[in-house]
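Chemist: Please arrange chain B on chain A, whose structure you already have, making use of the hints.
2 protein chains.
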Amino acid sequence: MDDLRRQHLQTPGRDDLRSRLHARLLAGLPAEALLTDPDVTASYAHDMASFCTAGTPAAVVLPRTVEQVQHVLRTATELRVPVVPQGARTGLSGGANATDDCIVLSLVKMDRILEVDPVDRIAVVEPGVVNAVLSRAVAERGLYYPPDPSSWETCTIGGNIGTASGGLCCVKYGVTAEYVLGLDVVLADGRLLTTGRRTAKGVAGYDLTRLFVGSEGSLGVVVKAVLALKPQPPAQLALAAEFPSAAAACAAVCAIMERGHTPSLLELMDRTTVQAVNRMARMGLPDTTEALLLCAFDTPDPAADLAAVGELCAAAGATEVVPAADAAESELLLQARRLSLTALETIKSATMIDDVCVPRTRLAEMLDGTAAVAEKYGLTIGVCAHAGDGNTHPVVCFDHTDEDESRRARESFDEIMALGLALGGTITGEHGVGVLKKEWLARELGPVGLELQRGIKATFDPLGLLNPGKLF
Amino acid sequence: MDDLRRQHLQTPGRDDLRSRLHARLLAGLPAEALLTDPDVTASYAHDMASFCTAGTPAAVVLPRTVEQVQHVLRTATELRVPVVPQGARTGLSGGANATDDCIVLSLVKMDRILEVDPVDRIAVVEPGVVNAVLSRAVAERGLYYPPDPSSWETCTIGGNIGTASGGLCCVKYGVTAEYVLGLDVVLADGRLLTTGRRTAKGVAGYDLTRLFVGSEGSLGVVVKAVLALKPQPPAQLALAAEFPSAAAACAAVCAIMERGHTPSLLELMDRTTVQAVNRMARMGLPDTTEALLLCAFDTPDPAADLAAVGELCAAAGATEVVPAADAAESELLLQARRLSLTALETIKSATMIDDVCVPRTRLAEMLDGTAAVAEKYGLTIGVCAHAGDGNTHPVVCFDHTDEDESRRARESFDEIMALGLALGGTITGEHGVGVLKKEWLARELGPVGLELQRGIKATFDPLGLLNPGKLF
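Line by line, the protein sequences are chains A and B.
Residues 1 to 472 (full-length UniProt numbering) are what the first sequence spells out, left to right.
Residues 1 to 472 (full-length UniProt numbering) are what the second sequence spells out, left to right.
Hints listed in this document are in silico derivations from the structure and should not be mistaken for laboratory results.
A couple of the hints might just be wrong.
Copies of the same chain are indistinguishable here, so a pair counts whether it falls within one copy or spans any two.
Think about it this way: if two alpha-carbon atoms lie no more than 35 Å apart in a straight line, the pair counts; the simulated DSBU-like pairs of lysine-lysine are [as the list claims (entries may be wrong)]:
| id | residue 1 | residue 2 |
| --- | --- | --- |
| 1 | 348 | 230 |
| 2 | 230 | 376 |
| 3 | 348 | 224 |
| 4 | 438 | 109 |
| 5 | 224 | 438 |
| 6 | 230 | 172 |
| 7 | 109 | 376 |
Same shape as in the complex, but just chain A:
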């Protein structure tokens, strides 16, 4: 199969096409913006997802201006070459993976923060700005950009918009979608579209801005974004509560939300996750707990809020409730949570990270069901979860050189998604569909929804050149 593909790549027709493509691209790009060395371009072929095929790009382009992006898209349309837009490739669904003979359009060099306005509470940025860079820049002005995916130190705002990223903040502050007010987008044919607004409100026509958020580069290439900012909240204060079962921890989550609390963070780590984090970082977390709940508040009186939540945890069966003494101790607890995925990745040679989100009333069933799936397939599946959102991250750990274990990993992954749908949830709370969850998207949307989504795709990209093979 590989030999056949290589042969195909070496046919003169393909080489001619590549040369022509490179020449046409260089007509509107500086030489350093075009990468064609196959050893180099191969490193742009895929994001961080397992089990996702990735093709061989014909070229990688790193534009610095809107005009250069427009040139790339015009060239792609002229030559009918697919384009795969990319940020930092920290995605977990293969949404940024190359297709064969495509142009990989990496936006990482368009990384300027163009404007931060504390009165209008907006930032205007290019797509390659790293999430943490923006967060720190606005913090210096007393402002707060909430979306904080685990990869926030490396992932880009453009990538966050493409996948509608979430993070730990969402239980109080919502996902990326809620912070995107307006966009400049280069369409498949190279035309520039401006959507949305700089204002706090606006309802002029269909909400094209929101349509682009989470569209995984399949409708256009975001080249500028107007983002909403919040005032910086007080430092958050956290507590940790140990539970004898995942179900008991979930009961506490439900009680906290039912009583009207608004925590700034409400996270769950199961026993496997706690132990993995301890092994990796000697955090001194309670090694024997079945479920560890972390809750934080950034309210004016977080200690009082934590005391109330501590009582609800105790009533739900917590065996121990430990409030952090101060912001530094709180930060340590949150670091433990942030290390979860990395720690779980050390268990076996490979992982698949799921992203199912269920109504929080069904969270206990989701966690117990996931444990049953792990047992059925004889696998280790550690779970951390944005519990306050009902958004779970079951991490299937497996040896990728073991064919049978790999097969079981994939099957268990699918079974977890089926469980999520059966519980009234969605297959993806914040990671997106990409290649990994394509067939599951069709199941979640149903035929009518799928047909309309395809109709929208055809309206924006009639030649099907933008990130083909993703989503559906």
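Modeler: Coordinates of chain B only, in the frame set by chain A:
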């Protein structure tokens, strides 16, 4: 002209078509769901906007079930009859106005609250539920549905979704769009589409839910909505501040937002508005003030927040700052604001209410510019504004029997929208486009945006039967 039209209506062809339509509709509807008496159907022909043409409906249908809505849409598709979906007709842009020979599809009888869940913090409702009815029902469970358009005692959730309504709450809580998680929608051909989710997060495919919000019934008919709820905040406490000029009041607004405050309400009433409210309701507002700013907090310590805001107002030039003593006094102040539109309507025989939203840094220019427009055209234009959002409501008062004054009213209205766009704003912050702002939508979107919006419309409604002639 009227004679010609009547003649046309009485041609046998049209009568035949109507009879056939009525018969086909009755095949799937109970008799009481169909209104055909022209005297009755005429009362469904328009919403509350001035200067918007309205046609003569062929029938009004008041369905009670999803199946009945599907039957209506199937019939409409079969017979190629346009359908105008309607709520309580409190809209201000003519978006619910009938077109000639259409079916008016009034959703007001589908008014059940199907579910309120305090753990998942959602309500599931039919489209005809009145905003205030929902707000009170969820308040009984300790929950809060923020969107509060002025018409909240009569307007329906379906109408709110259609126009993406705002209200006084938006400066802290955002608009209707932010509370719609999922929808059931009957498409133009009668098929049922389910979009979105019941979960806190979800990014599976393009955001069709958000596409329907603000689409003014032009893409499908919403028959069920999953709405997000918040925990009920503490009662808000308000202050009123008098300013010697609109610009000074706007400077205070900017200072309040720049300092990171999060008021639950930040409203402005100009002198004309204050005087009109006093005349109507003897509220004892300061009759000579140039601009009255109302600010409220629903935080744990609203008095402290109000004290800080009071200082900012004084620094910006407020001549008097009067904090309310308690919740009851606060409520009185808010009532004064809520009466503004009604009070301004008493000045002349007719009004046109504009809805331009600008970045809050440009609010002073917007208000001064509006005053200049009023002077230029020799008209009274009272302004109240959701100042914290930069969302102004210039109310052009005119005598509709005076042809010249009516012309000047329309011209001034247009000039105000031009000013809003020039200041980086949008033509509509929360009222929608309807018939009233059609040509202005095209200007705001530009040709590329307009083409894509039309493409989306064609994807959902290829025959163009849903609310034709609205938006674009």
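Chemist: Decide, hint by hint, whether the structure agrees.
Modeler: Okay, the hints, checked on the actual structure:
no.	hint	in the structure
1	348 x 230	neither (40 Å within a copy, 41 Å between copies)
2	230 x 376	neither (45 Å within a copy, 39 Å between copies)
3	348 x 224	neither (40 Å within a copy, 46 Å between copies)
4	438 x 109	within (30 Å within a copy, 39 Å between copies)
5	224 x 438	both (28 Å within a copy, 27 Å between copies)
6	230 x 172	both (12 Å within a copy, 10 Å between copies)
7	109 x 376	neither (46 Å within a copy, 50 Å between copies)
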